[in-house]
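**Student:** What follows is each chain in one-letter form.
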Amino acid sequence: MNELVNFVHLGFRHITDVEAMDHILFLVALAAIYRVRDWRPALWVVSAFTIGHSITLALAVTGAVTLPTRLIEFLIPVTIVATAIENILVKNRSAAFMGGNYRPVFAGVFGLVHGAGFANSLKSLFMDHVAVPLFGFNIGIELGQVVVLAVAFALLAGMDRIIALLRLPARAPAPLRLRVLAVSAVVALVATRWAIERWPG
Amino acid sequence: MARLSAGRALAAVFATFLPLGAAAPAHPLHNSLCEIEYVPAEHRTKVTLKLFVDDFGKAVARRTSDKLAPDRALADAAMFAYIRSAFAILGKDGKPMSLEWAGTRRTTDLILVSLTLATPNGLAGLRVQDNLMFDMFADQANIVQARYGGHTESLLFTKGDGAKGLP
Numbered sequence: 001m002n003e004l005v006n007f008v009h010l011g012f013r014h015i016t017d018v019e020a021m022d023h024i025l026f027l028v029a030l031a032a033i034y035r036v037r038d039w040r041p042a043l044w045v046v047s048a049f050t051i052g053h054s055i056t057l058a059l060a061v062t063g064a065v066t067l068p069t070r071l072i073e074f075l076i077p078v079t080i081v082a083t084a085i086e087n088i089l090v091k092n093r094s095a096a097f098m099g100g101n102y103r104p105v106f107a108g109v110f111g112l113v114h115g116a117g118f119a120n121s122l123k124s125l126f127m128d129h130v131a132v133p134l135f136g137f138n139i140g141i142e143l144g145q146v147v148v149l150a151v152a153f154a155l156l157a158g159m160d161r162i163i164a165l166l167r168l169p170a171r172a173p174a175p176l177r178l179r180v181l182a183v184s185a186v187v188a189l190v191a192t193r194w195a196i197e198r199w200p201g
Numbered sequence: 001m002a003r004l005s006a007g008r009a010l011a012a013v014f015a016t017f018l019p020l021g022a023a024a025p026a027h028p029l030h031n032s033l034c035e036i037e038y039v040p041a042e043h044r045t046k047v048t049l050k051l052f053v054d055d056f057g058k059a060v061a062r063r064t065s066d067k068l069a070p071d072r073a074l075a076d077a078a079m080f081a082y083i084r085s086a087f088a089i090l091g092k093d094g095k096p097m098s099l100e101w102a103g104t105r106r107t108t109d110l111i112l113v114s115l116t117l118a119t120p121n122g123l124a125g126l127r128v129q130d131n132l133m134f135d136m137f138a139d140q141a142n143i144v145q146a147r148y149g150g151h152t153e154s155l156l157f158t159k160g161d162g163a164k165g166l167p
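Sequence order for the protein chains is E and W. In this text, residue positions in the first sequence follow this note's numbering: the first is 1, and each later residue adds one. In this text, residue positions in the second sequence follow this note's numbering: the first is 1, and each later residue adds one.
Some clues are possibly wrong.
Unchecked claim - What follows is a set of in silico ranges between Cβ atoms, one per label pair, in the way DEER data are often shown:
hint : chain 1 : residue 1 : chain 2 : residue 2 : range
1    : E       : A150      : W       : A138      : 21 to 29 Å
2    : W       : K92       : E       : H129      : 24 to 32 Å
3    : E       : S47       : W       : A102      : 41 to 49 Å
4    : E       : R37       : W       : T48       : 48 to 56 Å
5    : W       : V39       : E       : G63       : 36 to 44 Å
6    : W       : T48       : E       : E197      : 30 to 38 Å
7    : W       : P40       : E       : N2        : 19 to 27 Å
8    : E       : F97       : W       : A86       : 48 to 56 Å
What the hints contain is simulated information worked out from the structure, not anything from laboratory work. Virtual Cβ for every residue (Gly too), placed ideally from N, Cα, C.
Just chain E, with the same shape it has in the complex (with noise of 0.2 Å):
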């Protein structure tokens, strides 16, 4: 019991480093268009991201797929860079594609690459016995998105009350509109340029 523990606490502490900085802007980024009234979609979302990054993190540590890490590395911020755009050119989501509906699909497979991401290096400590790491280790992410997605919904609530608070233009966006385009922009630029660095060529 105590193994499954320290491993719980291993995938929690990985999730909610600040060097995680680039899985922490993904839930950010996909948080960022919803309020707190939205939890239901937003929790569909979020448990897609689990169920996508659970999948290669098992295949990737019990060596039934071979990662490879540049690329995925690169993979991470394309997938914040995309999910940032897709939040600032749909802007009316009722009238998007699937009604708008399709988000956990696309967070599924987003999470997909940040399974992999997860895994890198798991699998090369854990490989003789795995199952119990492997399954601490995704209870504790699973533990610490919980955490990071409450404390990016306490910020995000925080930014609509100072919207509230700005002289803003008559023909500008609902304040709604304004946070994500906002949170996005910046989530888009910081995103860009870890793609960047991270150009595996």
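Given the coordinates of chain E, work out where chain W should sit on it, guided by the hints.
**Tutor:** Showing chain W alone in chain E's frame:
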């Protein structure tokens, strides 16, 4: 409360968050694994340290000589000296027990360091200290798995941890 101009507010948001992009961390796991196995027939214990060769190379190089390149073949003596400075199995009297060098093996990205020590009374009651690479990475975490007496004891070491007991 005074109302802010939209431009200033946006500039403040960008100024606050853009420094996040100053570093482009690939976010590796800074972990190591230590497997400890008591061999009753020999009254000895085998220790295998599984360390990422890049991380370990840098740690040893920094301790040995600033000019030593991380990928340079590391002398056994330098590695052993670094390990003894950060890893120990403590006897019931609290003093470090004598570790003996038993060689290394390499995999693609790991170096496996083998050590042995005499443990005539088994592992129960001894303490382990694993501070390897804490001098290199703030997020370093080391897992110790000790197999003895028919069970496995797992210990997690993070920065600031002291020695931990084997029950």
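**Student:** Does each hint fit the structure? Answer for all of them.
**Tutor:** Hints versus structure:
A150 (chain E) and A138 (chain W) have their C-beta atoms about 24 Å apart, which keeps the hinted 21 to 29 Å range intact. Look at K92 (chain W) against H129 (chain E): about 29 Å separates their beta carbons, and that is inside 24 to 32 Å. At about 48 Å, the CB distance of S47 (chain E) to A102 (chain W) agrees with the hint of 41 to 49 Å. Taking 48 to 56 Å as the suggested C-beta distance range, the pair R37 (chain E) and T48 (chain W) conforms, at roughly 53 Å.
Taking 36 to 44 Å as the suggested C-beta distance range, the pair V39 (chain W) and G63 (chain E) does not conform, at roughly 29 Å. The given range of 30 to 38 Å is respected by T48 (chain W) and E197 (chain E), whose C-beta atoms sit roughly 36 Å from each other. Distance hint check: the CB atoms of P40 (chain W) and N2 (chain E) are about 23 Å apart, consistent with the given range 19 to 27 Å. As the Cβ distance of F97 (chain E) to A86 (chain W) is approximately 55 Å, the hint placing it in 48 to 56 Å holds.
In this structure, only the earlier hint numbered 5 is contradicted, and the remaining ones agree with it.
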